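These protein sequences, in sequence, are chains A, B and C. Each step along the first sequence adds one to the number in UniProt numbering, with nothing skipped, and position 184 is 184. Each step along the second sequence adds one to the number in UniProt numbering, with nothing skipped, and position 323 is 323. Each step along the third sequence adds one to the number in UniProt numbering, with nothing skipped, and position 19 is 19.
If you are wondering where the hints come from, they were derived from the structure by calculation, not from laboratory data. All figures in this text were calculated on a predicted structure; none of them were measured in a lab. Accuracy of the hints is not assured; some may be wrong.
To be verified - BS3-like cross-link-like pairs, simulated, lysine-lysine; straight-line CA separation at most 27 Å: (1) C:K34 x C:K92; (2) B:K338 x A:K44; (3) B:K159 x C:K63; (4) A:K192 x B:K347; (5) B:K291 x C:K92; (6) A:K192 x B:K338; (7) A:K192 x B:K160; (8) A:K132 x C:K92; (9) C:K63 x B:K160; (10) B:K157 x C:K63.
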Amino acid sequence: MFTLPVISGTVYIYDVEVIKYLREKYNIGGVLSGILPQYPQQNKFGGLPLKLSPEEALYLLETNEFEFFDDTETHLDEYKEKVDEDKPDTKNGQSSTTSNNKVELAVLSKIPKRSSAVKLKEPVNSRYAVYKYLVQKGYFVLPGLRFGCHYMAYPGDIMRYHSHYNVLGLDYDEGIDLLTMVSGGRLATSVKKCWVIGAKNPETEETEAFSIEWSGFG
Amino acid sequence: MVSDDPFFNSTDSGSGPGIQLDGRFLKTTTNKGYNKRAKDVYVLPLPFSLNSLPALIPHNPLSVFMYTVALLSKPLRFTTQKRHKAYIDSTSQGTPGAFVPDLQSAMELWQQGFFGKGTLSRSEPSWFGRTSRRLGLDGGELTLEEITEARRAKRRKFKKEREQQQLLELKQKQKEGVLNPADANLLDKNEKKQIEDNENNAADSDAVVTKVRKEDTDLIKDGVIEKLETLHLHPCEAVFLCVCLGVLEIDGIETIQQLLQTFFPEDSDWQKYVVYHYFRSLGWCVRDGIKFGVDWLIYKQGPPFQHAEFAVSVQPSSGRPDWWWLHANMRVVNNAKKAMTLVYVTKEERPDYTKISNVAAFRKALSQYTVKILTFSRFTPSRCRD
Amino acid sequence: MDTVIENLVHQQLWTDCKIYNEDANLIRGTPPRKLHPEDAQISSEYVLVSHMRDSVSVRGYTKTFQSVHDASRVVHAVIAEDSTIAYYIVYKSLNPPRRN
């Protein structure tokens, strides 16, 4: 039973073993949202912690394989400690060094304070149905804001493939402007992907999806 | 755009530059020739001719003489403007806007301000010339569609050759015994496909297009094809030409009020018109932007000269565009090397059309609206360090 | 819908274009070349016609596919206000994008 720390409704994972496990067993990638201390100016790859989106967290919650706990207090304590350390030491006439700015990541998850009611951020209902559908089909799903869609779906590990689909998760009856479809389809085709719209049929409880690409003529 | 097109430099057969299209070799002009022609053809920025008198320098007797001659030689101070005729599609699912059936009018409206779009072409109404050429009836100059088609045909050929090249490499690997399972699969699939192709006698897809169809022969009467194409004017273009320039007459529309009610039934239509009018009045050439998911594309001189600089999306002043939409659109627009622009119209409701009975009232109604412009571009910290 | 038939026949060079189902806004015709590079041969395709002002929903697409029982894809023709027609291919399920 793995434990996942939750801070303000979002799951942040510092344990590399857990991250590996999630990736291999559940195709959950998450987003590395930290900064690498050795390369502070670059932003192609992030460092720990791994941040999970509301959909990913909900999906893991439903597997009943993980225990969520509230880690907010530990973070606040650590932060307070650092603020105190950085205050100039007036007795010696020297200010303290800034060497403590490097965050000791392993330390933070040492003392979990268990809380019974952990509140997780909720994903948008209609979107979650499509998310679940994709993950269960074996796709790796990542947030798609960069491409103006809800998700990007990869046929396998993201390191090995470029994404196949730009996905928009919707309500079954929700209408999309055809202008949106035109630009979505155009964008997707220009980066060699398919634009997908999916929704859960409220009557049959099945998720249906359609993939759209530019025809190449016209 | 034209200078690095391989077709303008290819000399596969025949002398001089040209392109291969459907097995024929067609001569084209050089890049310089194309641009030079454009400047000669697209002289007037609007389909409106002005009577210009020479400069008058009072103390120079020659100038006074020239001026008086010019003034007296024209019977009327202002020439009467040519009025083009159009009709609207009154079927139940009709396309909004007006249609100009006369080819001469259509070409004038296109060449003098780039108004409208040929119903069977990508922009300039060139269907007649293209189809005559395709059916072997007449010569004439090469159109944009044919250049694009030739480019696509070349790309298809390149893809086929690339595929065959890869197959050869895979076969080589197979011989050497270093084939991995994924590649072996690919090889099998391709071999099966080739067998199928041979069985079905799938002809070269490009050659298929040269076949003359029954639909084509139906068009030919006395050695000339029927003139099927008309020029379609966007509702905003039609209103601009009709009300502001006074060079368009629409069959069935008598008053400005009727015009506005037919073409701008919604508030959003009127807002779109306000933006169109604004940019046109500043001298920009404004064209529809559906190909890029926006409302309008703004050109400095016109499509044949340079690509559009700005892609304009009209937003109601109270609305806030969805972040998702903005990202998607910005991506599309930036890929096409344009700047994404949002334009807000400060008053949302359209005016009361019943109160607009003449051009003065129209102008007054229009002046109630102001336009605010916001340009976006994508900032990537790792790339935009300067 | 006639606008699209005219465009398909005279600009895109399709053949045998007819209205297939008027209520569902469907046309059937044959394109001049294969729609997808991995097709075995040129085949007749269904074309769904919409105007730019319309909107599309998942339910809408499901209904369309129900009207074309055997097809796994449909060409969606969108008529813009300036009479440009944009053509997109809609596949019934997740279909990998074509290699460019």
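Results for each hint:
Annotation: proposed proximity of C:K34 to C:K92 holds, straight-line Cα distance about 18 Å (limit 27 Å). Proposed proximity of B:K338 and A:K44 is supported: the alpha carbons are some 26 Å apart, at most 27 Å. Note on B:K159 and C:K63: the hinted pairing is violated, with a Cα-Cα distance of about 36 Å set against a maximum of 27 Å. At most 27 Å may separate the alpha-carbon atoms for a hinted pair to count; A:K192 and B:K347 exceed this at roughly 41 Å.
At most 27 Å may separate the alpha-carbon atoms for a hinted pair to count; B:K291 and C:K92 meet this at roughly 24 Å. For the suggested pair A:K192 and B:K338, the alpha carbons sit about 21 Å apart, so the restraint of at most 27 Å is met. Taken as a hint, the A:K192 and B:K160 pair is honoured in the structure, with Cα atoms around 18 Å apart against an allowance of 27 Å. At most 27 Å may separate the alpha-carbon atoms for a hinted pair to count; A:K132 and C:K92 meet this at roughly 19 Å.
Taking the CA atoms of C:K63 and B:K160, the gap is about 37 Å. The hint is violated against a cut of 27 Å. At most 27 Å may separate the alpha-carbon atoms for a hinted pair to count; B:K157 and C:K63 exceed this at roughly 38 Å.
In summary, the structure is inconsistent with hints 3, 4, 9, 10 from the numbered list given earlier, while agreeing with the others.
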